[in-house]
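Protein chains in written order, with our numbering: chain A, 105 to 625; chain B, 105 to 625.
One should not assume that every hint holds.
Since the list gives no way to pick one copy over another, a pair counts as held whenever it fits inside one copy or between any two copies.
As the list claims (entries may be wrong) - In silico DMTMM-like links for lysine to aspartate or glutamate, alpha-carbon gap of 25 Å or less:
| no. | residue 1 | residue 2 |
| --- | --- | --- |
| 1 | Lys-467 | Asp-369 |
| 2 | Lys-132 | Asp-375 |
| 3 | Lys-254 | Glu-216 |
| 4 | Lys-389 | Asp-420 |
| 5 | Lys-153 | Glu-394 |
| 6 | Lys-391 | Asp-593 |
| 7 | Lys-604 | Glu-567 |
| 8 | Lys-389 | Glu-428 |
| 9 | Lys-389 | Glu-110 |
| 10 | Lys-510 | Asp-189 |
| 11 | Lys-289 | Glu-428 |
| 12 | Lys-115 | Glu-322 |
| 13 | Lys-493 | Asp-568 |
| 14 | Lys-520 | Glu-156 |
Simulated from the structure, these hints should not be mistaken for lab results.
Protein chains: 2
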Amino acid sequence: MKPEYEMFEIKKSDLAGRIGILHTNHGKVETPAYVPVIHPVKQSIPAKKIKEMGFDLVITNAYITLKQRGNEAVEKGIHKIIDYDGAIMTDSGGYQVLEYGDIDTNYKAMAEFEKKIATDFAIPLDKPTGFGLSKKKAIEYVGHTLKVSKETLDARDNNGQIWIGPIQGSEHSDLVRGSTRELVKYGFQMLALGSPVEFMESYEYRLLAQMIITAKKEMPDSIPLHLFGAGHPLTIPLAVALGCDTFDSASYMLYAKHDRYITEDGTTHLDEVSYFSCPCEICTKFKPKEILSLPRDDRTNNLALHNLYSIKAEVDRVKQSIHEGRLWEYVLKKARAHPKLFEAASVFTSNTSFFSQGVPAFKENAIFLFSKEDQFRPEVTRFHNMVRKFRTGKKNLVIVADGPMKPFYLSAEYNKLKRKFTKKIDDTQFCQYNPYLGIIPLELSDMYPAAHYVMSNSQCNQEDFTEFATTLNVFLKQNKFKTIHAANDDFLKYHSRLTKKKIRFFNFKTTIGRAKKQFRK
Amino acid sequence: MKPEYEMFEIKKSDLAGRIGILHTNHGKVETPAYVPVIHPVKQSIPAKKIKEMGFDLVITNAYITLKQRGNEAVEKGIHKIIDYDGAIMTDSGGYQVLEYGDIDTNYKAMAEFEKKIATDFAIPLDKPTGFGLSKKKAIEYVGHTLKVSKETLDARDNNGQIWIGPIQGSEHSDLVRGSTRELVKYGFQMLALGSPVEFMESYEYRLLAQMIITAKKEMPDSIPLHLFGAGHPLTIPLAVALGCDTFDSASYMLYAKHDRYITEDGTTHLDEVSYFSCPCEICTKFKPKEILSLPRDDRTNNLALHNLYSIKAEVDRVKQSIHEGRLWEYVLKKARAHPKLFEAASVFTSNTSFFSQGVPAFKENAIFLFSKEDQFRPEVTRFHNMVRKFRTGKKNLVIVADGPMKPFYLSAEYNKLKRKFTKKIDDTQFCQYNPYLGIIPLELSDMYPAAHYVMSNSQCNQEDFTEFATTLNVFLKQNKFKTIHAANDDFLKYHSRLTKKKIRFFNFKTTIGRAKKQFRK
């Protein structure tokens, strides 16, 4: 079943992250979007204020609404109930039903209720697998959720409501995979992934990342993905880069209730905050000690507001990074906020072809190259793949280190080399190299990103550059050079030993900035 | 000459950075402090507003004040001239004098003027070396500056003014060193380091870091250091961690004039900003496009205000990092904002004993261990040094990997090992190891940070851990073990080969969280 209209529009992408627009019955929602949780009964920060702050989509609980304000909600609609005129997502309360063992509620009644209250994004009454469920139980829960989801979707009205298919399975990746495939087949316009609280609590970001990527690999780009319960600045860049478009959380309020202050890199008890490094309306009005001395409710609400600003700032940083084509840089930098987050970096370095799909062929900004992880960034991998297909009939190969001037064919180094190899010039294949980008043939030296990178001039381990080694080998195998000349440097010498080819080394210095030479300790 | 009173008070420190208080004629200034440049004639953002934003120290130009508002300034004092009741620093205008070749102005008159206008921090009329000056010329300039500085200081009044000794020499490190030594000897209560604009413009952060550290090594802790012209969020963490207490810059205004928006990681032309990731009063009021459409002056002032908020937020993040004992983490993370900044990381890994001085013996927070650089963080180096002095008479050594429960002697692993080696238990030295911390003898396993770290469980290169190798060797040399038992893992096997000792390997698994095992791709 094909969706009736294009509900999700993609504007820009980087890695698996994208800036998009969700078209809903209550206006447009730009993604990636943090979706604040609004309590249908005891919400102390008005949803209106949250809208003014720039959140165009919120989530509330349909189950609690049904139980506590059922008739009223059917009469007035959910937008009046929580006093919010933007787009609303309703969680069906699967967790609550499981927890309270409520047998009065069934998925048909729930779906009917979600229709009647005119929520913009509705979720079928699923059976969350959580974490640590036996395979047998998990299979049963996933099966139930799929059955309910299909029936609910088939019974939907053509009323502009967007039904979200809930992916279950958590740590059982085959279930996550199968569950996603089925929901896509049913025709869901949007999917949502249950993120086990346990992953978050134990900081198992690598597992979270693997779960998301498992689901994403089974979804077409045109379907947006929601991630449940993951709205902390520490998780957001990871989730977005993996392809989550929306993500909800009540953390802004839950943390505030425990006097916890959200920053870009973590959450700190207000007791331990000496300096507010945030210029929001709350942090410029109060000092940390002043907030601590406010009456409880006042303290909680002020902190919750700051927490919302802090989360919004993170989302905006990530969006701006996508806009600038720097999401890789941003995610890898953010990874250094916590050692467990750093572990998730391996998911990025080991799924290059997946991430490559969302990366534009050309970017306006130069890419940054810091350390070994960067040899696996999509732009770099693409360049390696191009060079591995490069063919030349020339018999003499010359390789030197890259220099400050780019592209190679416009550089002073190239002129110097031409003079040196003037006798065989027509039969010489000139190449630069760079530990990250590998071999850069003169002819490809203006292909992105060969002339568009800024690299750290830091000590690096030769052995770390496995992509370089592979490309060099392929390059030498595919092209039948009779003589090979290489600049006499440690990096090339190390790698030449691996090739088993006879290589003549010559002394060649790159023109480097004067600054580097002048400061001696 | 000993200063009359304690003008600078240190509250807390981490690496070479510190939180301190400068006591001035116009109140206390908490450091590290960004010192906004105020133009004495054409300042469009009122200094009063800047004070309200939380900047308790500003800098203005004494030379321009003298030339354009000389008599008025003497009559009213500099605080009335710029309408600011906090502490004021005055730059003497060395650059201007050099540039305009003004021979009417001499250092005695300048010093007299700075006294009369009652500035809080005065600077003698120096001769800045800038960058790229020949050694001969640089020696001449440094000599002149030292002579002027000594005479000016000797002629000072006992009026509470703080005279700042200007360190010159830029890329000539011997001149920086000598110049610092002399100024300290003269009795300056505070020093300032000229940061060559060229270092900043070419992003030569490593050179900047080397220059700062060269000066710092010649200064007692009790003397605060000002850094000229370095007030960008990209530079601030580096400067603070290296021991700069105050730093001025006009960048908030200069960038604003060119429609440039300062963020934590760089500066972006407003044209390229799609999302304001800042919750300050300006960024919540306007969208990027709206600011661009404001009349020029309005646009500039609004942008300048945001830029000030952005810089202040960075300073507060750095202060909070010192407060939490996480400055190492913060600086190393920030280093990934730009490849040239990343180069400066080597200054931190290669000056451990210098940075160690400011690091408390015990911290409340666990240290984070991400990658090879972290083996050189002061807390870790100290632990290595302690273990290298460890002596035992026991003849049997057992080494296993560290586990999740700390300290070692309370862990399940230790119990398991005790059972395994029960026969020789009184003669057995039990140790854990960790690639970063090295060997952890049972007896030292609760010494900070052996039980206070969070480590990334990422693949690491055995060869990168040179500190581990050294400690293992020293440990085996100093203690005469007859038998050595080691857990059979790749890391220990690699390092055991380096020791040339006979080692018996046995299979031993650490108890790890169930989560790690369960998610398989």
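Hints and how they fare:
no., hint, in the structure
1, Lys-467 with Asp-369, "between (28 Å within a copy, 19 Å between copies)"
2, Lys-132 with Asp-375, "between (40 Å within a copy, 24 Å between copies)"
3, Lys-254 with Glu-216, "within (14 Å within a copy, 86 Å between copies)"
4, Lys-389 with Asp-420, "both (23 Å within a copy, 15 Å between copies)"
5, Lys-153 with Glu-394, "both (23 Å within a copy, 22 Å between copies)"
6, Lys-391 with Asp-593, "neither (56 Å within a copy, 51 Å between copies)"
7, Lys-604 with Glu-567, "both (16 Å within a copy, 24 Å between copies)"
8, Lys-389 with Glu-428, "between (33 Å within a copy, 23 Å between copies)"
9, Lys-389 with Glu-110, "neither (44 Å within a copy, 32 Å between copies)"
10, Lys-510 with Asp-189, "neither (53 Å within a copy, 52 Å between copies)"
11, Lys-289 with Glu-428, "neither (35 Å within a copy, 51 Å between copies)"
12, Lys-115 with Glu-322, "within (22 Å within a copy, 55 Å between copies)"
13, Lys-493 with Asp-568, "within (23 Å within a copy, 33 Å between copies)"
14, Lys-520 with Glu-156, "neither (62 Å within a copy, 59 Å between copies)"
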